Amino acid sequence: MKKQFRILLFFYHLLSASIIAYGQDTIPLQHEERTIFPIQKLKICDTGKLDSTHQNCQTEIQDGWVNTQTLALNESTWIQASIIFLEDHQTNLALMGRNFRGAHEVYWNGELIAQNGVIGSNYSKSKIGRYQFYALIPPHFLHAGKHHLAIKHLKMGQAQNIGARLWIGSFVDFKKQDTNTNNQMILMLTVFLTSALFFLIFYFGFGRKISFLFLSFYCISYVIKSLLKPYQDFFTPDFLIPYMSFESSHLPANIGSIFLIAFLLWEMLVPKKGLFLAAFAVLSIWGYFGLTEVQYLTTLMIAATAIVTYGVYKKIDGIGWALIGLGGFITLLILWMQGVLGYGYFAGVIFFLVCMTFSVGQRIARQIQLKQAALLRSSTLENQLLKKSIQPHFILNSLASLQELIDQNPEKASDFVEQLAEEFKLVSRVSDQKLIPIEDELNMCRIHLKIMEYRKNASFEFKTEGLSGDEKVPPGIFHTLIENGITHGYGTKREGLFVLSKSANNGHIEYRFFNDGEFEIPENGEADQGTGLKYIEARLKETYDNNWKLKSGKVSGGWKVIISIKN
Amino acid sequence: MRILIVEDEALIAQRIERLIKEILGQQLRQLNIKSTLESARHHIHHHPIDLLILDLNLNGKNGFKLLEETVAGAFQTMILSAYIDQAILAYEYGVLDFIPKPFNKKRLQTAFERYTNHTYRAEYPTKFLAVRKKQKLQLISVDDIIYIKGAGNHSEISLNNGQNSLHDKSLNHLTKLLSSDFERIHKSFIVNLKMVASISNKYEINLKNGETIPISRAKYKAMKDQLS
Numbered sequence: 015m016k017k018q019f020r021i022l023l024f025f026y027h028l029l030s031a032s033i034i035a036y037g038q039d040t041i042p043l044q045h046e047e048r049t050i051f052p053i054q055k056l057k058i059c060d061t062g063k064l065d066s067t068h069q070n071c072q073t074e075i076q077d078g079w080v081n082t083q084t085l086a087l088n089e090s091t092w093i094q095a096s097i098i099f100l101e102d103h104q105t106n107l108a109l110m111g112r113n114f115r116g117a118h119e120v121y122w123n124g125e126l127i128a129q130n131g132v133i134g135s136n137y138s139k140s141k142i143g144r145y146q147f148y149a150l151i152p153p154h155f156l157h158a159g160k161h162h163l164a165i166k167h168l169k170m171g172q173a174q175n176i177g178a179r180l181w182i183g184s185f186v187d188f189k190k191q192d193t194n195t196n197n198q199m200i201l202m203l204t205v206f207l208t209s210a211l212f213f214l215i216f217y218f219g220f221g222r223k224i225s226f227l228f229l230s231f232y233c234i235s236y237v238i239k240s241l242l243k244p245y246q247d248f249f250t251p252d253f254l255i256p257y258m259s260f261e262s263s264h265l266p267a268n269i270g271s272i273f274l275i276a277f278l279l280w281e282m283l284v285p286k287k288g289l290f291l292a293a294f295a296v297l298s299i300w301g302y303f304g305l306t307e308v309q310y311l312t313t314l315m316i317a318a319t320a321i322v323t324y325g326v327y328k329k330i331d332g333i334g335w336a337l338i339g340l341g342g343f344i345t346l347l348i349l350w351m352q353g354v355l356g357y358g359y360f361a362g363v364i365f366f367l368v369c370m371t372f373s374v375g376q377r378i379a380r381q382i383q384l385k386q387a388a389l390l391r392s393s394t395l396e397n398q399l400l401k402k403s404i405q406p407h408f409i410l411n412s413l414a415s416l417q418e419l420i421d422q423n424p425e426k427a428s429d430f431v432e433q434l435a436e437e438f439k440l441v442s443r444v445s446d447q448k449l450i451p452i453e454d455e456l457n458m459c460r461i462h463l464k465i466m467e468y469r470k471n472a473s474f475e476f477k478t479e480g481l482s483g484d485e486k487v488p489p490g491i492f493h494t495l496i497e498n499g500i501t502h503g504y505g506t507k508r509e510g511l512f513v514l515s516k517s518a519n520n521g522h523i524e525y526r527f528f529n530d531g532e533f534e535i536p537e538n539g540e541a542d543q544g545t546g547l548k549y550i551e552a553r554l555k556e557t558y559d560n561n562w563k564l565k566s567g568k569v570s571g572g573w574k575v576i577i578s579i580k581n
Numbered sequence: 183m184r185i186l187i188v189e190d191e192a193l194i195a196q197r198i199e200r201l202i203k204e205i206l207g208q209q210l211r212q213l214n215i216k217s218t219l220e221s222a223r224h225h226i227h228h229h230p231i232d233l234l235i236l237d238l239n240l241n242g243k244n245g246f247k248l249l250e251e252t253v254a255g256a257f258q259t260m261i262l263s264a265y266i267d268q269a270i271l272a273y274e275y276g277v278l279d280f281i282p283k284p285f286n287k288k289r290l291q292t293a294f295e296r297y298t299n300h301t302y303r304a305e306y307p308t309k310f311l312a313v314r315k316k317q318k319l320q321l322i323s324v325d326d327i328i329y330i331k332g333a334g335n336h337s338e339i340s341l342n343n344g345q346n347s348l349h350d351k352s353l354n355h356l357t358k359l360l361s362s363d364f365e366r367i368h369k370s371f372i373v374n375l376k377m378v379a380s381i382s383n384k385y386e387i388n389l390k391n392g393e394t395i396p397i398s399r400a401k402y403k404a405m406k407d408q409l410s
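In order, the protein sequences belong to chains A and B.
Under this note's numbering, the residues of the first sequence are numbered 15 to 581, in order.
Under this note's numbering, the residues of the second sequence are numbered 183 to 410, in order.
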């Protein structure tokens, strides 16, 4: 099981790493070919006015990559720019607009060259355009010199506000870039889908830990986002909800973030996590409408950092991986926000997920180990209890006694056999349990005393004090104390008193076990007494972890063992 | 015969006592039962016995510590135990017999025959002899013994390191416990055959350490044949 699991983990990481590497490799395409240039300076004019003479709107297309200036298009407006071609262009040049939400008409030197959506006579007759659009520049306008660009922009319903961007460049290169983006999205989709399945397997395979399900849902939301992203870029965006569909790809990201926060809250064992989660869910949904993507992601990172910081404070298991994962996520995200790393956002998410698989994998491997160890311990304890009652020397001594009874007192012999059978039945019934009703334990003690009364021709009395009858105890602990007592304390004594009393005070339950045997410093019996006590300690540890204490020692008139258990 | 039984389970003690009385009848001079080792020690100290029948909890080393003490005594020791897997080890410490529990009258009878039969050799010979040195018990390996000389009720063991040790058992008792490497060649001598160099015509045996010890006429011929 563990081996397959490790192989699975290995392949997952291999896949993730290769995809990040591939993504990084293909992103700087524009830098190298330099045939697509952003338009840096644009003039935004008032609605309805086409001011073609404005001289400040001049943009020179230079040989070099510069950060695109973003436009906040909150109103319906005219966007204007002067563009100077330094030489005649032979190839097909195109204008690409992105993050323009609404309907547009594009004019080049006063001529309408493209329409994105429909600008009607009024709002209801208008139709929203694509998230990303192209306008081919007619061949007769490709000569060197100054050109005038004007875009009529009708703002339509929108969710988050991202700055619009304009590029001018070779149409073929634009298309290449789109194909690249598309391919990358498919790769991203594969990673997220694999991760989603991976965590789903964890969820079903390892104790249905709810946080794995959250992480799986987080991945699924990115699967949806990866699906929507190329779709909204290249198809009419209003396929989901008209007028709100521009950033439909942000909605799954916002919903996904709720699962991310849920995952972190549950993993870091934050108190009142339900409340925090509800608050963050409200924030996320509101943020879809009210915050820009960057603002929202910043909020998310602050929340995540707060939760992980709590985890550090509480020294949560696996906190190291969470720290690395989140740290890497934030770093890549900041690089993306700065425009340094094209796919920093996705790379960040994937990096975080990879760290989580390491963390989860490590923990599960440890859990498997612990479980196996616990199972082994349990079965060892079970065997020990069984072995005690069917120990050869116990049986053989009992048989030797039985021989004498058969010869001398057949009726008693029959009773004796019955008692022996009773003890075996009881012990084998309770030995595989962790806790048994006190009554079963007391019965084992009584029957054992009965058997020893026969064998030793003695009379043993067993008293209990303060027991309510509904207590539960690990099997065989008092039975073992009785055995020990008889073995070491009643060599010559023909009468014995065993007392088990229980008291409870400030969160502790205390069992006191006393017997009135004559204990010399057990020279020959020490080792044997030790085995018995070791068995009791192992049982207590199994059931109560470290919340118990055992004291054992000689007292005046006998031997006393005190077992105290923290509630 | 004077017998001490050490058994802490009343029914079993009762059984041993009953069966011994049936088996030995008039031969039994004295029979005591003790339920603890302390009281048994005390008894042995004050009353000489011929045979100790010991129920020993041999589970663990402490059991053998005690066994060491009893096998050093002048009497023979028999173990009556439920720890049957320890039988061979008990023999190696020098017990005459190991009677596993449960047991019947026939098995006890066999044990007593072994006690009385002078030619009987223990099923597994002992590997050690417990000797008393300066009031302390010491185990010596039987392989280190050159010969044992009878001296009244006890024996003098001559070791190959040149030292001598005293043992409380008589030669009769010891013969039964030792392996066939040890031969009773004289009423007062047991020799380790591995230590014999030659046999002289003067009814004497020359040992590898240069000593000579006497050999009885009865044994002389057999030994001569065996060594030539």
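No wet-lab data here; the hints were simulated from the structure.
All figures in this text were calculated on a predicted structure; none of them were measured in a lab.
The beta-carbon is built from N, C-alpha and C at its ideal position, and this holds for glycine as well.
Among these hints, one or two may not hold up.
[Stated by the list, open to error] Among the chain B residues that face chain A by a calculated CB cut under 7 Å, a handful are:
| no. | residue |
| --- | --- |
| 1 | 193 |
| 2 | 217 |
| 3 | 250 |
| 4 | 254 |
| 5 | 256 |
| 6 | 265 |
| 7 | 288 |
| 8 | 377 |
[What the hints assert, rightly or not] The calculated lysine-lysine pairs, modelled on DSS-like cross-linking and capped at a C-alpha distance of 30 Å, are:
| no. | chain 1 | residue 1 | chain 2 | residue 2 |
| --- | --- | --- | --- | --- |
| 9 | B | 406 | B | 315 |
| 10 | A | 464 | B | 376 |
| 11 | B | 309 | A | 507 |
| 12 | A | 574 | B | 309 |
| 13 | A | 426 | B | 406 |
| 14 | A | 328 | A | 507 |
Results for each hint:
1. For residue 193(B), the shortest C-beta to C-beta distance to chain A is roughly 4 Å, which falls under 7 Å, so the interface hint holds.
2. Nearest Cβ of chain A to the Cβ of residue 217(B): about 5 Å, under the 7 Å cut. The hint holds.
3. At its closest, the beta carbon of residue 250(B) sits 12 Å from a beta carbon of chain A; the interface hint therefore is violated under the 7 Å criterion.
4. Hint status for residue 254(B) relative to chain A: violated, with the closest Cβ pair at about 17 Å, above 7 Å.
5. Of the supplied interface hints, the one on residue 256(B) is violated, with its beta-carbon coming no nearer than about 23 Å to a beta-carbon of chain A, more than 7 Å.
6. For the restraint placing residue 265(B) at the interface with chain A, the shortest Cβ-Cβ distance is roughly 6 Å, inside the 7 Å limit, so the hint holds.
7. At a threshold of 7 Å, the smallest CB-CB gap from residue 288(B) to chain A is about 12 Å, leaving the interface hint violated.
8. For residue 377(B), the interface hint is violated, the least distance from its beta-carbon to any beta-carbon of chain A being 37 Å, above 7 Å.
9. For the proposed pair residue 406(B) and residue 315(B), the alpha carbon gap of about 36 Å is over 30 Å, so the pair is violated.
10. Straight-line distance between C-alpha atoms of residue 464(A) and residue 376(B) comes to about 56 Å, which puts the hinted pair past the 30 Å bound.
11. For the suggested pair residue 309(B) and residue 507(A), the alpha carbons sit about 37 Å apart, so the restraint of at most 30 Å is broken.
12. Straight-line distance between C-alpha atoms of residue 574(A) and residue 309(B) comes to about 42 Å, which puts the hinted pair past the 30 Å bound.
13. Note on residue 426(A) and residue 406(B): the hinted pairing is violated, with a Cα-Cα distance of about 63 Å set against a maximum of 30 Å.
14. As the CA atoms of residue 328(A) and residue 507(A) are separated by approximately 57 Å, the hinted pair breaks the 30 Å bound.
Of the numbered hints listed earlier, those contradicted by the structure are 3, 4, 5, 7, 8, 9, 10, 11, 12, 13 and 14.
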